[in-house]
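Sequences and hints are given; from them, build the entire structure.
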Amino acid sequence: MLHCRRPNLTRHGFALAMLLAHSALIAPSLRGAEKPRVLLLGDSISIGYTPYVQKMLADEAVVLRPTRGKGAENCQGTNYGAMEVDRWLQIDGGHWDVIHFNFGLHDLKHVDAASGKNSNDANDPHQANPDKYEQ
Numbered sequence: 001m002l003h004c005r006r007p008n009l010t011r012h013g014f015a016l017a018m019l020l021a022h023s024a025l026i027a028p029s030l031r032g033a034e035k036p037r038v039l040l041l042g043d044s045i046s047i048g049y050t051p052y053v054q055k056m057l058a059d060e061a062v063v064l065r066p067t068r069g070k071g072a073e074n075c076q077g078t079n080y081g082a083m084e085v086d087r088w089l090q091i092d093g094g095h096w097d098v099i100h101f102n103f104g105l106h107d108l109k110h111v112d113a114a115s116g117k118n119s120n121d122a123n124d125p126h127q128a129n130p131d132k133y134e135q
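If you're matching positions, the sequence shown starts at 1 in the working numbering and goes up one per residue.
Warning: the hint list may mix true and false statements.
When the alpha-carbon atoms are kept at most 30 Å apart in a straight line, the in silico DSBU-like pairs for lysine-lysine are as follows [to be verified]:
hint, residue 1, residue 2
1, 109, 35
2, 70, 109
3, 70, 55
4, 70, 35
5, 55, 35
Keep in mind that the hints were calculated from the coordinates and are not lab data.
Structure, rendered in structure tokens:
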């Protein structure tokens with residue numbers, strides 16, 4: 001059985017994730033001379049860092065994320081992501097070399113089981129159970 005911990009993204013963790021993604025981009029692309037393709041999926045935090053990642057990797061990769069209308073789509077948490085991931089994987093024709101997920105903050109919040117609304121009660125369940133990560 002796979003055991004998952006909830007992500008705790010720190011600056012160090014983010015830098016490590018970007019380093020790992022960057023090292024994956026250095027490997028030759030299986031499609032020849034095309035730049036590797038990176039898909040960023042995540043909550044509002046990832047919306048904030050997407051332009052910086054795009055700028056940092058502009059010469060090395062095509063970095064995209066889902067959009068709604070004229071702006072970035074908030075991919076929210078794991079529960080929403082599990083419903084929408086197939087649509088997101090088809091963005092710009094799909095065929096991704098790196099897919100980066102960042103749903104942590106939405107997954108950690110508590111929700112009222114009856115209404116589904118955000119809750120400040122620590123006894124209410126988290127929005128996403130770690131078992132959902134295995135889907």
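Do the hints match the structure? See the list:
1. Of the pairs offered as hints, the one joining residue 109 and residue 35 is violated, with about 37 Å between alpha carbons and a cut-off of 30 Å exceeded.
2. Of the pairs offered as hints, the one joining residue 70 and residue 109 holds, with about 28 Å between alpha carbons and a cut-off of 30 Å not exceeded.
3. Of the pairs offered as hints, the one joining residue 70 and residue 55 holds, with about 19 Å between alpha carbons and a cut-off of 30 Å not exceeded.
4. A distance of roughly 25 Å separates the Cα atoms of residue 70 and residue 35; the hinted pair therefore holds under the 30 Å criterion.
5. Distance restraint check for residue 55 and residue 35: the Cα-Cα separation of roughly 14 Å lies within the 30 Å cut-off, and the hinted pair is therefore satisfied.
Comparing the model with each earlier hint shows a violation of hint 1 alone; every other hint is respected.
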